[in-house]
Structures are given as C-alpha cells and as structure tokens.
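Visitor: For reference, the chains in residue letters:
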Amino acid sequence: MKRLDDGVSVDEPRLDRRNLLKLGVAGTAAALASAVPVPASASIIRDDGFGVVFHDSFPQEVSPDYKRFNQYNTIFKSDRRRGIPAMKPIWDNDRPGFTGSDYAMSLAASTLWQTGKRMGPQSMNAIYEPGKFSLPTPHKFPDAATAHAQIKRVARMFGANVVGITRRDERWDYSHVVDPLNEKKVTPWEEHYKGFNPKTVIVVGTEMDYEALAAAPSQTADATMLNAYSELTYIVMHLARYFSYMGYRAIPSVNDVAMNVPYAIAAGLGESNRMGMLQNYHYGTRLRIAKVHIELELDEYYDKPVTFGIESFCANCLHCADNCPSKSISRDDRPSIFTAEDVKDMPFINPGVRKWHLNGQKCHDYWIESGSTCGTCLATCPYNKPSFWHHRLIDRVNTMIPGPLHKVMAEMDLWHGYGNMFDEKAPAVFWDPKGRSYNGLLKDY
Amino acid sequence: MSGLAIFTGVEVMFYWLGVLSLACVQGLVWLRWKMQSSWVSLAVLAAGMGTMLFAAAWAISSILEKEPQSASMSMIVIMLPGLVLTTLGGRLAWK
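Just so you know, the protein sequences line up as chains G and P, in that order.
Quick note on this note's numbering: the first sequence kicks off at 1 and runs consecutively.
Quick note on this note's numbering: the second sequence kicks off at 1001 and runs consecutively.
Please note: incorrect hints may appear among the correct ones.
[To be verified] Now the in silico label distances, taken between C-beta atoms and shown as ranges:
no.	chain 1	residue 1	chain 2	residue 2	range
1	G	GLY403	P	GLY1050	26 to 34 Å
2	G	PRO347	P	LEU1017	25 to 33 Å
3	P	ALA1005	G	THR115	23 to 31 Å
4	G	GLY83	P	LYS1066	39 to 47 Å
5	G	LYS88	P	LEU1022	57 to 65 Å
6	G	GLY440	P	LEU1017	21 to 29 Å
7	P	PHE1007	G	LYS434	28 to 36 Å
8	G	SER101	P	LEU1083	40 to 48 Å
9	P	PHE1007	G	THR187	16 to 24 Å
10	G	GLY403	P	ILE1076	33 to 41 Å
11	P	LEU1004	G	ALA428	27 to 35 Å
12	G	ALA428	P	PHE1007	21 to 29 Å
13	P	THR1087	G	ALA428	36 to 44 Å
Because the hints were derived from the structure by calculation, they are not lab data.
Every residue, glycine too, gets a C-beta built ideally from N, C-alpha and C.
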C-alpha cells in the first residue's frame, strides 16, 4: 500500500515468487485463449463488433431529450465565479516534479495558449474574416476527396498529429458562450456568432510528451498538457487563417465554442472512455484536441466515427478509477445516460448522452488542492504508451480479443511496470539526458 | 543506443534479430536434411525459437523505452515458455 498526500491509498501489485508463478500461468492461459476463435457470444461483450469498426452515425446513444450544453455551466466557469482559478500551480524544490524549473516550464508552456485569447480580431474563438490578401472569390476544391486530402495535409504541416473532418453538428456547439475575457458575459451561440453559419468542423489533436505525462501529478506533467494547448492554439489559428485566405470565414478554438470530445468522435479520431474523454487509437489518452468551425461545405464527409473496443476495455480495466486521487471517475460497469434529474446537483454534467460521467467538481477541487492539473487518469491508462512496435501490437490485439481478456491485458500492464502513478522517480526519467541527442549527431532510441 | 550514428536502437535490434532468424531457419533446414527430424518436432522447435526471438525483441525494446520491469516480465512470461518449447522440440528433433 502506498499512502498518498491526502491519505487516499492505492493497491500496488506485489511481485513475489508466488505471484510470478501465477503470472506465468496467466500469461500461458492468455496466450492459449488468444488462439481460440472468438465465439458468437463475444458480441455480448463487444456490442460494437470486432476489430476496428466504422460507423455511419454517432456511435454513442443520444437521448431525444438531449439539450445543448451551456458553457456557463462548465466546471471551470462555475468555479471561477466562486473565485477559484482554473489552476493553482505550486513549486517546492525538495519535491520531484515541483521544482522551480518544473514550475517555470509549466507556466511558460501556456504562453501561446494564454496570449491567443488576447489578440483582438485575430484571437482564438473569434471569427477570422477574409481580408485584404484573401482570394477575391472563395477557393473551390475540385472535389471533396481533394479537399479532405489538402486540408489534412495543411493541418499536419502546421503540427497536428491527428486530424479529422466532420459536418457541423449543432448538438455539440455550446448553447451559450462565455466571453474568455469577461466571465460574466454570456450570450447565446447564434447571437454571439451572428451571421456565421459553419458547415464543417476540422478537429485536430496533438500528442503530449509520454515521459512528462508519466510524472503526473506534477508540474512536469502540467507542462506537457499546457504545451499541447499552446501547440493547438498555433495549429488552429494557422488553420483558420488558411481558410480565411481562401475566402471562408472560420473560428479557431481549443476548449471554447463547442465540446471537443463529441466532435472528435464524429470526426473519427477515437472513442469515449471511462474518463468521458477521447481515446485515440494511436495516442490513447495522451492527446489534446481543438477544432476549427468553417463555412466551407463539402459534398461528402469521409471520416466516419470509429470504435475499437474501448468500452469493453474500460469496463474491465478501471486503472484510471483506481488511481484517481479524488475518486472522480465512475466505477459503473457500463456507460449510462443521465437525465436532468440525475444531474440536478451537478450542473457541470451534460445529460442525455450514453457515457461514463466524470465528477468534474471533485476533479477540479483536487487540481487546486494538489497545485497541479493532476492527469493521473490519463497517465495510468494502458493505452497511453510511447510509439514502440510492441505497444502498437498490443493495441491491435486489444481490438480483437473479447472482454475477459481485456482484464488480463490490463493486469499485465501493471505487472510490466506501467501505470505506476505518484512515482517520485518519474520526473528524473523526464529530465535524464542519457540516451537523448540534442545536437542531431545521434538518433534517439 | 545507436548504430553508427545512423540507425536507432530498434532498427539495430531488428537487424540482428533478422540475422538470428536466418540462423534458426538454417538450423531447421539442417535438422531436416541431415538428421531427418520429423515435421512435428521441427514445428515445435520453430515455435519455441520464434517465441524466444519475440521475447528478446520485447525485452530490448523495453530497455530502450526505459521500462526494465517490462523487459524482466517478457523474460518470464514469453522467454520461459519459448525455452520450454525449444528444449522440447530440440530433444524431439535431435535423434
């Protein structure tokens, strides 16, 4: 047992001889079971199908009573109205991951993200209008396929790791938006963006540094999260400018304007996980997302929502819920649809979509208490791995095996030394210069 | 780990695993040709050697990733069954 700062305890796997023997038997059993053809009853375990499944419509059930979410009710906005900041970073030179250097790196990483909100007509969340150097008439792509290819190539060149294109879906736009510079100014979406009628949403994602995130919760981990937001700010501002130079109006945004996760799911970038966040196939939870609303309408939208067994895996894994220091993550067996009655004391939850629901209040309270943005759930997730062939192999295997074996895989992840949170040695791994090439004379790894 | 400042550690590893795989195949051919070993024994031996090569690849990759516990576990969970299969196949094949 390991005691955490707040007295919450987590179980740690013991590695004695008896457990090693059990593990050997479990490993052999898993290998043998993997070779057995999947029975028809496996559909009970994975309702969405087998392997990577493409869907023609939004893959999560949405209640007919669903209402657009008001940005005013997000936990950050409601806490700010109570005088609680979004983050309350701390430093302590005697504490790994919280030294002055970690602290400064974390704050510095947010530079562009913070600046991007204060750039006048070029700000984030503002409509980028075609200007003096824009094409006199909006550029016409020869066909939708070319448009997809070129837009994605541009996004990649600007730095996006993943990009998807989807139709605008008003359900995922906030019903009301909060002015980022004036928290008390709340206006209906259609009034705030009067005359702007976007048809398409480009969703981009950028990865966080694996070793930095592994140090969660700490300023080291915060730095990669904030750095990803700054990178996203750069990407979506440039992407919005790309569209405005082509003659289309566009709005770049990170966490404002609309909800990122459903748009990312609709654009085929991943599946919803136990944390209620996006689980990307390649980057797992180690991804931050942003989007650009544009007026350009395509004849066809090729990116389809995908599922690849995350619901089954999350139902069997629970590492995020086990490691969450504030116990904010649901331990329910399966996702559910909350009604308005269910969330009457939790206005920060938007009811009407089948998912696992995160208690954002408990989560944010811990952010403030710990002096970090936590991120323990993201870092402990077995899908959060660096890009090595054996992790890609396991990801592939996980899409094909039935639920009970997901439990085995989740346990094996712990036995292999992953998912160990509150690890005071993790920041040292991040800072260790050994094996890195900074002058380009050698190749890393 | 870097090979001649040109290749990454993973690239160097897969090169040498390729060399080892070729040696394994040559060994199997030799056993069939010279020792007239049965196909069943060769299949068991091939499975064992393949498993051991996979374990080696996993372990080296884990070390490059700075996860030594994963390397140790691959030795126990993958290498040991591979060793058992290789020993069994070898004894069957070596008449």
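Visitor: Against this structure, judge whether each hint is valid.
Guide: Evaluation of the provided hints:
no., hint, verdict
1, G/GLY403 <-> P/GLY1050: 26 to 34 Å, "28 Å, holds"
2, G/PRO347 <-> P/LEU1017: 25 to 33 Å, "56 Å, violated"
3, P/ALA1005 <-> G/THR115: 23 to 31 Å, "39 Å, violated"
4, G/GLY83 <-> P/LYS1066: 39 to 47 Å, "42 Å, holds"
5, G/LYS88 <-> P/LEU1022: 57 to 65 Å, "59 Å, holds"
6, G/GLY440 <-> P/LEU1017: 21 to 29 Å, "27 Å, holds"
7, P/PHE1007 <-> G/LYS434: 28 to 36 Å, "19 Å, violated"
8, G/SER101 <-> P/LEU1083: 40 to 48 Å, "46 Å, holds"
9, P/PHE1007 <-> G/THR187: 16 to 24 Å, "57 Å, violated"
10, G/GLY403 <-> P/ILE1076: 33 to 41 Å, "25 Å, violated"
11, P/LEU1004 <-> G/ALA428: 27 to 35 Å, "29 Å, holds"
12, G/ALA428 <-> P/PHE1007: 21 to 29 Å, "28 Å, holds"
13, P/THR1087 <-> G/ALA428: 36 to 44 Å, "41 Å, holds"
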